[in-house]
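Given next are the chains, with one letter for each unit.
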Amino acid sequence: MSLPVTTPAPGAASPAWRGILYLLMIAVAVVSAFPLVWMVLSSLKTPAEAMQTPPVWIPGTPSLDAYQKVSELISVGRSFANSALIAGITTAGILVTSLMAGYAFAKYRFRYREVLFAITIATMFLPPIVTLIPLYRLVGSIGLNASLAGVIVPNLANAFGIFLMRQFIAGVPDELVEAARLDGASEFRIVFTIVAPAVAPALAALALFAFVYHWNSYLWPLTVLQGNSSQYPIVISLSRLLSYNRSAVNTGLVMAGATLAVLPPLILFVFLQRFFVRTITASGMTGQ
Amino acid sequence: MSGFRKSMVAMLAPSLGLIAIFILVPIALTVWLAFTKWSAQTPFSTATFIGLDNFREIFGAGSVGRDFKGALVNTALYSLMSIALILPLSVLFGMLIHQADLKGANVLRTILFATYMVPMIAVALVFSKLYSPSEGPINQILGWVGIGPLPWLSSPDTALVSVVLLNVWQQVGYFTILIIAGLTQIPQSIYEAAKMDGARGPALFGFITLPLLKRTLLFSAVIALINAVQVFEPVALVTQGGPVGSTNVMTYHIRRVGIERAQGGLGSAMSVTLLLALVVTVTAVFALARREDRR
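Line by line, the protein sequences are chains W and P. Letter by letter, the first sequence follows residues 1 to 288 in my numbering. Letter by letter, the second sequence follows residues 1 to 295 in my numbering.
Misleading hints may appear alongside valid ones.
Output of the computed footprint for chain P on chain W, the stretches with three or more beta carbons under 8 angstroms from beta carbons of chain P [said to hold, decoys possible]:
| no. | region |
| --- | --- |
| 1 | 32-42 |
| 2 | 47-59 |
| 3 | 95-101 |
| 4 | 214-221 |
Don't read these hints as lab results, they were simulated from the structure. Glycine residues also receive a C-beta, built at the ideal position from the N, C-alpha and C atoms.
Bound-form chain W, shown alone (with noise of 0.2 angstroms):
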C-alpha cells in the first residue's frame, strides 16, 4: 500500500466518502446545468412536443423553425446591434474612467483622497432603483431619452471598476511609472502604456464583468427608451415575446429567444473566466 504524496486536503478521506463527494459534485453540475440544457432542448421542438403532458425532453424531429420564427418577430439582428452598442461603448468607457481613476487613487497622494475613494465605493452598494426616478427625469431632461445614449452615458463609469483598478496599480511598482516620468512621458501615456500593459488581466476580466453586467441589464433601459422599440436590445425585445409565453405552443419561439441571447454573454465568459476567478481572488474584495 502507498502513502499518499501530496498532504490530503481537509474533508479528503475514505473511498466511500470521495464516492459520495462525486456524487454530490455530479448532482450539483446536474441541476446547475439542467434549465440550460432544457432550454436549448425546448427551443429545437415542435409545437406538437410542446404541448405533450408529460413533457417530451429530447425532441424527436429537431428543428430550427422556432428560430427562424422569433428572428421574424422582434428583429433580432436589429436588438442584438443595440445591444452590442450597449455593452459594448459602456464597457469601453468603464475601461477607460477606471484605468484613469484607479491610476489617481492608487498612485496620487492628494487632500481628501480616502474620503473621496469611501463616497466612491458606497455608490458601489447602491440599488438602482432607489435612483430610477429621478435619474428617469435628469436624463430625459438632457435630450437623452429614448435613445442608445440615454441607455450609455449614465453607466460610463462605475465604482465597482474604479475599485478594482485601484486595488490592482497599486500593486504597479512605483519605478515603474517614476522610469516612464522621466523618460518625459505623459501622466495620460503611463495610464495606458505602461499601468494598464500590467494590469491586463484585472482589466480582462472588468471587460467580461462590464459587457455581461450591460448586456444583461434590464431595468436601466426599458425605463429610459420608453416603449422606443427600434433602440431595444434584445434582453428588452425579449420581453416582447411575454404574450407567446402564455401557451404552450409557442414554448419553442421563447426557448429559442432566449437561447439566442444567452449565447453572447455565455460565449464571452467561455474564453475571459480564468481572468475572472483569478480576479476577484486576489482583488480582496471578500473582505480581508
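Here the structure of chain W is known, so what remains is to put chain P in place on it, guided by the hints.
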C-alpha cells in the same frame, strides 16, 4: 494650478463627474422629491413641498400604504430566504470545489459560475416553463418520487419561494467564487496543526473554516441582500406582482408607482424608505459582527 494637480483632476474628473451627475445628484433629488408632490412626467420645478404627507400615505391604512407595506414585507422575506439558501449552499459548493481535492472540480466551478452570466430575463422565461404545473419538467420529476404536483408561480403560497429558487439558481455560483476566494486565504498550516492535535472533519469546519470565513460571509450576505432587493425581471415579466400581490417586491412596486403611474413624489418616498431600511440593516449586521468579535 501645478502640473500634478492638473493631471490629478484630469484623471479623476471623468469618472467622479459621471458618478456625481448620475448617482449622487439623483440621490439628493430622491430625498428632496420624497417631501414633494410631483408628477414624474413634468420638470423638477413643478414639485411642491408637502412635508411628510408622502410618508404618511405609504405607511397609512389606505390602499397605497397596504401595497407598499406588502412590498416591503415581500422584499424582506425574499431577501431573507435568498440569503438563507445562498450562504450555506455557497459554502458547501466552495468546500466541494476547493477543499475536497476532487477531479473535475474546475468543471463544476465553471458550470456553477456560468449561470451567473445568463440574463435574468432568460432565467425568468426558462423557469416560467420549468415551473409550468402541467407541461413543466419540475413537477414531472417530483411526480416520479411521489411529490406534487405543486402550483409554483400560480399560487400566492408558493410564488415568492419559486422566484427565490430561480434567484438562488442564478446567483449561487457567484457566491461560491467569493467563498473559494475566502477559503484560499486560510493557511493550510492551521489545518495541519489542528489535525496534529487530533481534530477531524466537523471540528475542523466549526473551529477553523467557519470562523475564518466570517468576513467573507458577512460581505457575501451584504451583496446577496443588495442583489435580492433588485429582483425585477421575473416579477415584471412572469408574475406582475401576483398572484394576489404575493410577489409584489420593492423594485417592481417603486417603478410601477414612480414611473408608470408617474407619482414621482410618492415613489421617491418609497425609495428613501428602502435606502434607510438597507442602511439600518447593513449597519446592524456589521455592529453585531463586531460585538461577536470582541467576545
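Tested hints:
1. 32-42: As far as the region 32-42 of chain W goes, the hint holds, because 7 residues have Cβ atoms under 8 angstroms from chain P.
2. 47-59: holds (count 7)
3. 95-101: This one holds; 5 residues, not fewer than the three required, reach chain P with a Cβ under 8 angstroms.
4. 214-221: holds (count 4)
Violated hints for the displayed structure: none, as all numbered hints are satisfied.
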